[in-house]
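Protein chains in written order, with this note's numbering: chain A, 374 to 525; chain B, 374 to 525; chain C, 374 to 525.
Treat each hint with caution, since some may be false.
Said to hold, decoys possible - Counterexamples of contact, computed for chain A against chain C with all Cβ distances above 12 Å: (1) Arg379; (2) Glu382; (3) Leu387; (4) Ala389; (5) Tyr397; (6) Lys416; (7) Glu430; (8) Asp456; (9) Gly495; (10) Val507; (11) Glu519.
To be verified - With a Cα cut of at most 27 Å, we get these calculated DSSO-like pairs of lysine-lysine: (12) B:Lys499 x C:Lys419; (13) B:Lys416 x B:Lys499; (14) B:Lys415 x C:Lys415; (15) B:Lys415 x B:Lys499; (16) B:Lys419 x A:Lys499; (17) A:Lys499 x A:Lys416; (18) A:Lys416 x B:Lys415; (19) C:Lys499 x C:Lys416; (20) C:Lys499 x C:Lys415; (21) A:Lys415 x A:Lys499; (22) A:Lys415 x C:Lys499; (23) C:Lys499 x A:Lys419.
To be verified - Partial list, computed: chain C residues near chain B (C-beta under 10 Å): (24) Thr378; (25) Leu387; (26) Thr390; (27) Thr422; (28) Ala473.
Since the hints were derived computationally from the structure, they do not count as laboratory data. Keep in mind the model is a prediction, meaning the values are calculated, not measured. All C-beta atoms, glycine included, are put in the ideal place defined by N, C-alpha and C.
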Amino acid sequence: MSIYTRLQELNIALPATAAPAASYVMHAQTGNTVFLSGHIAKKEGKPWTGRLGGDMETEEGALAARAVGIDLIATLEAACGGDLNRVRRIVKLTSMVNSAASFTEQHLVTNGASDLFAQVFGTQGKHARSAFGVAQLPLGTCLEIELVAEVD
Amino acid sequence: MSIYTRLQELNIALPATAAPAASYVMHAQTGNTVFLSGHIAKKEGKPWTGRLGGDMETEEGALAARAVGIDLIATLEAACGGDLNRVRRIVKLTSMVNSAASFTEQHLVTNGASDLFAQVFGTQGKHARSAFGVAQLPLGTCLEIELVAEVD
Amino acid sequence: MSIYTRLQELNIALPATAAPAASYVMHAQTGNTVFLSGHIAKKEGKPWTGRLGGDMETEEGALAARAVGIDLIATLEAACGGDLNRVRRIVKLTSMVNSAASFTEQHLVTNGASDLFAQVFGTQGKHARSAFGVAQLPLGTCLEIELVAEVD
Numbered sequence: 374m375s376i377y378t379r380l381q382e383l384n385i386a387l388p389a390t391a392a393p394a395a396s397y398v399m400h401a402q403t404g405n406t407v408f409l410s411g412h413i414a415k416k417e418g419k420p421w422t423g424r425l426g427g428d429m430e431t432e433e434g435a436l437a438a439r440a441v442g443i444d445l446i447a448t449l450e451a452a453c454g455g456d457l458n459r460v461r462r463i464v465k466l467t468s469m470v471n472s473a474a475s476f477t478e479q480h481l482v483t484n485g486a487s488d489l490f491a492q493v494f495g496t497q498g499k500h501a502r503s504a505f506g507v508a509q510l511p512l513g514t515c516l517e518i519e520l521v522a523e524v525d
Numbered sequence: 374m375s376i377y378t379r380l381q382e383l384n385i386a387l388p389a390t391a392a393p394a395a396s397y398v399m400h401a402q403t404g405n406t407v408f409l410s411g412h413i414a415k416k417e418g419k420p421w422t423g424r425l426g427g428d429m430e431t432e433e434g435a436l437a438a439r440a441v442g443i444d445l446i447a448t449l450e451a452a453c454g455g456d457l458n459r460v461r462r463i464v465k466l467t468s469m470v471n472s473a474a475s476f477t478e479q480h481l482v483t484n485g486a487s488d489l490f491a492q493v494f495g496t497q498g499k500h501a502r503s504a505f506g507v508a509q510l511p512l513g514t515c516l517e518i519e520l521v522a523e524v525d
Numbered sequence: 374m375s376i377y378t379r380l381q382e383l384n385i386a387l388p389a390t391a392a393p394a395a396s397y398v399m400h401a402q403t404g405n406t407v408f409l410s411g412h413i414a415k416k417e418g419k420p421w422t423g424r425l426g427g428d429m430e431t432e433e434g435a436l437a438a439r440a441v442g443i444d445l446i447a448t449l450e451a452a453c454g455g456d457l458n459r460v461r462r463i464v465k466l467t468s469m470v471n472s473a474a475s476f477t478e479q480h481l482v483t484n485g486a487s488d489l490f491a492q493v494f495g496t497q498g499k500h501a502r503s504a505f506g507v508a509q510l511p512l513g514t515c516l517e518i519e520l521v522a523e524v525d
């Protein structure tokens with residue numbers, strides 16, 4: 374099934390991709406491997422701020438992770454010249470969760486993104502991943518996720 | 374020499390591999406490159422909790438790093454269809470150490486894993502690496518390590 | 374233009390490369406992809422200590438990031454057998470910023486390195502990147518950066 378059919382079934386509209394604010398790019402390819410820059414969580418286009426275990430709970434964090442996942446898919450589409458069906462495999466996801474010292478559910482937060490990739494890409498969406506708690510993130514956002522994918 | 378001879382000489386028995394608890398996998402391959410998910414430290418099968426510079430000292434952290442290294446080798450064996458001799462090179466190791474704000478020996482903790490890879494894989498075990506202190510980890514574990522390897 | 378002409382125009386002299394202090398290496402290659410170990414910030418050859426949002430401000434952090442970038446270029450030269458013109462593309466940069474809980478400008482700190490790569494490598498220097506705040510770093514340094522590059 375086309376990735377676009379799946380996105381439609383899931384009622385997901387891809388956003389416009391963000392432009393980087395400095396001397397870097399949102400995706401870089403070497404061979405068939407694409408590296409996506411860390412994407413910070415956004416809500417209605419603005420930084421989704423918060424700290425897990427502080428002013429944010431796991432459920433909201435998982436929603437933020439899903440939102441970052443959608444932004445990553447939009448960037449991945451751009452990396453594929455506009456055609457997500459060129460994605461062969463989601464290879465690796467790294468999830469950096471803005472965490473209070475007592476918060477130990479980074480994996481549950483990150484499931485919000487992992488589940489999305491499985492829903493959209495099926496078996497090819499199953500990825501290796503790491504999730505850990507960071508001291509702070511750019512603009513005070515609650516979450517940042519980067520991704521490695523294999524493309525045609 | 375076979376990797377299995379080395380493991381035997383080092384008296385290392387590989388554990389059963391962990392099953393991921395969500396929509397991800399413990400290893401994903403693209404071309405000849407395998408990405409392993411972040412593996413959290415375990416002691417007797419349970420999360421090895423603690424914070425370096427808090428309730429855990431560097432020596433115990435290095436033991437935990439060695440234990441994670443053994444778990445990573447077990448996953449790498451699975452990624453190679455059961456034959457570790459297909460590993461061409463340990464390429465990159467990333468070590469996330471649960472750290473109090475005052476703890477500055479993440480590199481010494483991580484040596485527990487780096488030394489293991491050198492012992493087991495010899496020259497091919499020498500890897501690039503990063504080690505840094507994180508605010509917290511899934512389930513309160515003291516350490517999480519991910520790995521990139523080249524395989525046949 | 375040769376990378377060496379650019380370095381000269383920018384008045385950048387590459388330092389001697391650091392030797393790793395344990396069972397790892399500063400760079401490891403698989404196919405055409407080189408992974409560089411995390412390089413900690415140094416000032417006059419000694420660890421550049423500090424915490425952003427604590428005893429260090431963004432401007433100094435960006436200088437430290439530029440300094441790490443120069444050290445990374447020196448290691449990249451070694452990885453290319455002494456010839457930086459073999460670098461095809463700077464692919465990915467990961468920047469771990471030693472951060473107080475209130476510091477949210479990891480991206481601005483990291484620009485010190487990103488700008489350098491754009492200056493030295495031009496279009497081929499534009500990389501994907503992630504920047505995040507860590508709880509602490511080896512030897513109390515303010516910054517650690519690792520890099521992935523494509524080489525001939």
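Here's how the hints hold up against the structure:
| no. | hint | in the structure |
| --- | --- | --- |
| 1 | Arg379 | holds (25 Å) |
| 2 | Glu382 | holds (30 Å) |
| 3 | Leu387 | holds (19 Å) |
| 4 | Ala389 | holds (19 Å) |
| 5 | Tyr397 | violated (5 Å) |
| 6 | Lys416 | holds (16 Å) |
| 7 | Glu430 | holds (18 Å) |
| 8 | Asp456 | holds (20 Å) |
| 9 | Gly495 | holds (25 Å) |
| 10 | Val507 | violated (5 Å) |
| 11 | Glu519 | violated (5 Å) |
| 12 | B:Lys499 x C:Lys419 | holds (25 Å) |
| 13 | B:Lys416 x B:Lys499 | holds (26 Å) |
| 14 | B:Lys415 x C:Lys415 | violated (34 Å) |
| 15 | B:Lys415 x B:Lys499 | holds (24 Å) |
| 16 | B:Lys419 x A:Lys499 | holds (25 Å) |
| 17 | A:Lys499 x A:Lys416 | holds (26 Å) |
| 18 | A:Lys416 x B:Lys415 | violated (36 Å) |
| 19 | C:Lys499 x C:Lys416 | holds (26 Å) |
| 20 | C:Lys499 x C:Lys415 | holds (24 Å) |
| 21 | A:Lys415 x A:Lys499 | holds (24 Å) |
| 22 | A:Lys415 x C:Lys499 | holds (24 Å) |
| 23 | C:Lys499 x A:Lys419 | holds (25 Å) |
| 24 | Thr378 | violated (29 Å) |
| 25 | Leu387 | violated (19 Å) |
| 26 | Thr390 | violated (13 Å) |
| 27 | Thr422 | holds (9 Å) |
| 28 | Ala473 | holds (9 Å) |
In this structure, the earlier hints numbered 5, 10, 11, 14, 18, 24, 25, 26 are contradicted, and the remaining ones agree with it.
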